[in-house]
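Protein chains in written order, with the working numbering: chain G, 145 to 483; chain F, 12 to 341.
None of these hints come from the bench; they were simulated from the model. All values derive from a computational prediction rather than experimental measurement. Glycine included, C-beta positions come from ideal geometry on N, C-alpha and C. Some hints could be false.
Unchecked claim - Chain F regions said to be covered by chain G (calculated; three or more residues, Cβ under 8 Å):
{"id": "1", "region": "84–90"}
{"id": "2", "region": "184–197"}
As the list claims (entries may be wrong) - Label-pair ranges, simulated between beta-carbon atoms:
{"id": "3", "chain 1": "G", "residue 1": "L197", "chain 2": "F", "residue 2": "K267", "range": "28 to 36 Å"}
{"id": "4", "chain 1": "F", "residue 1": "D62", "chain 2": "G", "residue 2": "F186", "range": "56 to 64 Å"}
{"id": "5", "chain 1": "G", "residue 1": "L265", "chain 2": "F", "residue 2": "E203", "range": "27 to 35 Å"}
{"id": "6", "chain 1": "F", "residue 1": "M293", "chain 2": "G", "residue 2": "I478", "range": "37 to 45 Å"}
{"id": "7", "chain 1": "F", "residue 1": "I49", "chain 2": "G", "residue 2": "G359", "range": "45 to 53 Å"}
{"id": "8", "chain 1": "F", "residue 1": "E38", "chain 2": "G", "residue 2": "M348", "range": "37 to 45 Å"}
{"id": "9", "chain 1": "F", "residue 1": "A104", "chain 2": "G", "residue 2": "I338", "range": "22 to 30 Å"}
{"id": "10", "chain 1": "F", "residue 1": "I50", "chain 2": "G", "residue 2": "S339", "range": "21 to 29 Å"}
{"id": "11", "chain 1": "G", "residue 1": "G359", "chain 2": "F", "residue 2": "D62", "range": "44 to 52 Å"}
{"id": "12", "chain 1": "G", "residue 1": "L197", "chain 2": "F", "residue 2": "E203", "range": "31 to 39 Å"}
{"id": "13", "chain 1": "G", "residue 1": "K347", "chain 2": "F", "residue 2": "M293", "range": "53 to 61 Å"}
{"id": "14", "chain 1": "G", "residue 1": "A357", "chain 2": "F", "residue 2": "E203", "range": "44 to 52 Å"}
{"id": "15", "chain 1": "G", "residue 1": "L197", "chain 2": "F", "residue 2": "E201", "range": "53 to 61 Å"}
{"id": "16", "chain 1": "F", "residue 1": "I50", "chain 2": "G", "residue 2": "E183", "range": "55 to 63 Å"}
Next come the chains, spelled out residue by residue.
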Amino acid sequence: MSAQKRSSKKKGTSDGNRYEEDFLKNLYATMYRIRQFEEQVFELYKLGLMPGLAHSYIGEEAVATGACAALQDRDYIVSTHRGHGHLIARGADTKKMMAEVLGKKDGYCKGKAGSMHIVALDKGILGANGIVGGGIPIATGAAYMAKYKDTKQVTVSFLGESATNEGTFHESLNMASAWDLPVVYVVENNRYGISVALDRVTKMQDIAVRAQAYGIGGVTIDGNDVLKVYETVKEAVASAREGQGPALIECKTYRFKGHHVGDPATQYRTREEEAFWKERCPLVCFRDYLIEKAGSDEKGIVALENAINDEIQEAIVFAKNSPYPDAVEAFEDIYFEGR
Amino acid sequence: MNQEQVREITYAQAVAEAIDEEMARDENVVLIGEDVGIIGGNFKATVGLRDKYGDWRVKDTPISESGIIGLGVGMAITGMRPVVEIMFSDFIALGMDQIANQAAKIRYMSGGQVKVPLTIRAAMGGGRSSAAQHSQSLHAWVAHVPGLKVALPSTAAELKGLLKTAIRDDNPVVFMEHKVEYNKKFPVPEGEYTIPFGKANVVREGDRLTIVATSNMVLKSLEAADKLGKEGIHVEVIDLRTLVPLDKQTMIGSVKKTGRLLIVDEGHLSFGAGAEIGMGIMEDVFYDLDFPMMRLGTEDCPIPFSPALEFPIIPDAKKIYEKAKMMAKR
């Protein structure tokens, strides 16, 4: 079944009032925080204040938010080049993130990572990664550690649909399944690897079918439905934690912007397709759900949004005020020198 | 070393002994790789470890070099101290992203938040009619990438001490073992010892010429030096032990004494370790040189299968002897 068909049943959200309002509002706050952070990064890019590039997570917020809500504090995630959303959903400090994006000394990685490679070990974030598929075996290794030491930690490996065509995807899922490692692979299928649509380079359009080849659970879900993502990942994480091995969850979603902030995405996809997905915006759909189905007060939501807008503005001020690193710091942290 | 306490074991046994001691010392040390478990490794360098430590600590893996190196990176940044075996060093090509872009970079890119105590062992070198995909000496590839350390042990005693240091190091180390040495016996001290990285070993003292060598070329250089010694030409032979970190001071001191430097390394000549070693100390020794620095290395062609083709392109004791003798002329 295609994502389009699934999404058209009911735009964006699961039915029923199964959750406390605070929990639902927290999910919304996280999604909104990601959206606002990304919008502001785009603005900084346009103003020429950001060195290099960034890969926008706008449109995919429900995946990171739902998946990370299903984790415990001590669990790990491994992220991708499109990683801001995963980091924020995991509770990373937007000030330190923004400072890193601007290449400043107070960034998470002291200006050595930039947008694409942020590590936040205190939040269990083992790293965004500039190499497509590069993080998949690393996530699997963290899971090997957890199994070997019986720590009951689970690792979520985020990856795009294009990363599933890298050899590391196969090698990692094969090992994780052979040894029942506690890792959940969350595939964000946004249909495009930079400019190349999945159906131009891959026969099967549902990545989840590949799970069968490894003898593990694999499902395709609406990645714009935050509660569906949460529920699906939660179940897979619980199973992995109990020693039942890995799972593959494919979240159909869409990146509203181009591949990175400098890509207008005009050559390889249609305006109609973009409009179709914007109708299914995970943020708008979930906001409507909160008001229409969960009984949230719109004023309260607006207040929440305003508070997050302020938070992101503070992050920008913090990042702008942070000094650039000293040139000599280029030579620090190459090797661990201590004991 | 106290000669009375020295016994003889093979280079392969030294690998197993070093890993065994480190596994006994630290439960975070695990060994993963193709065939390392039940059969004790393709080169029999890990025999007995699986029986002693079990399947989860000595893990036979699928043939997935990128996957298993990445597995090692993930384990290392979450508190373990993995040793990953890549059977033939040629196969690091399959795992090069995980070595060069992941293991080498994660500490740096995290601004020092994580460390990567990962040892990648691989068998290097020619001389076994293994042809072009199983005979290369690729240490210059990895030495070129900041963030990695690179060790090349010459004998079993060197291997044991250096491998223990590699495993205890909190940085990723590519540890190149020479495959023609595995079955050779060497005197190895009893008990625990380590050999620090970045300290070259002057294995033979001399005054007429300095030979700086790596790995198996140290032994071939010693053979050449013995022969030259009998002719009254006393050659100093330095075992570099590690390319990264590189002990320039020991080389500089030696070349200032002898005025002549021959570098012998099994990597291909062009853009190889020999070139970097020479240029690395050039400005410090240029005015002390009595003869241009020279290099011996594997010729710039793929390693051929037939012994009739293979041996002529790789340095040996005879070629080292001839080159050194020519250079040592007054």
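Results for each hint:
1. 84–90: holds (count 7)
2. 184–197: violated (count 0)
3. G:L197 - F:K267: 28 to 36 Å: 50 Å, violated
4. F:D62 - G:F186: 56 to 64 Å: 58 Å, holds
5. G:L265 - F:E203: 27 to 35 Å: Given a distance of about 32 Å, which is inside 27 to 35 Å, the answer is holds.
6. F:M293 - G:I478: 37 to 45 Å: 24 Å, violated
7. F:I49 - G:G359: 45 to 53 Å: 23 Å, violated
8. F:E38 - G:M348: 37 to 45 Å: 43 Å, holds
9. F:A104 - G:I338: 22 to 30 Å: At 25 Å between Cβs, range holds.
10. F:I50 - G:S339: 21 to 29 Å: 47 Å, violated
11. G:G359 - F:D62: 44 to 52 Å: 29 Å, violated
12. G:L197 - F:E203: 31 to 39 Å: 51 Å, violated
13. G:K347 - F:M293: 53 to 61 Å: This hint holds: roughly 57 Å between Cβ atoms.
14. G:A357 - F:E203: 44 to 52 Å: Holds, at about 46 Å.
15. G:L197 - F:E201: 53 to 61 Å: Check passed, 58 Å falls within 53 to 61 Å.
16. F:I50 - G:E183: 55 to 63 Å: 57 Å, holds
Hint compliance for this structure: hints 2, 3, 6, 7, 10, 11 and 12 are not met, and every other hint is.
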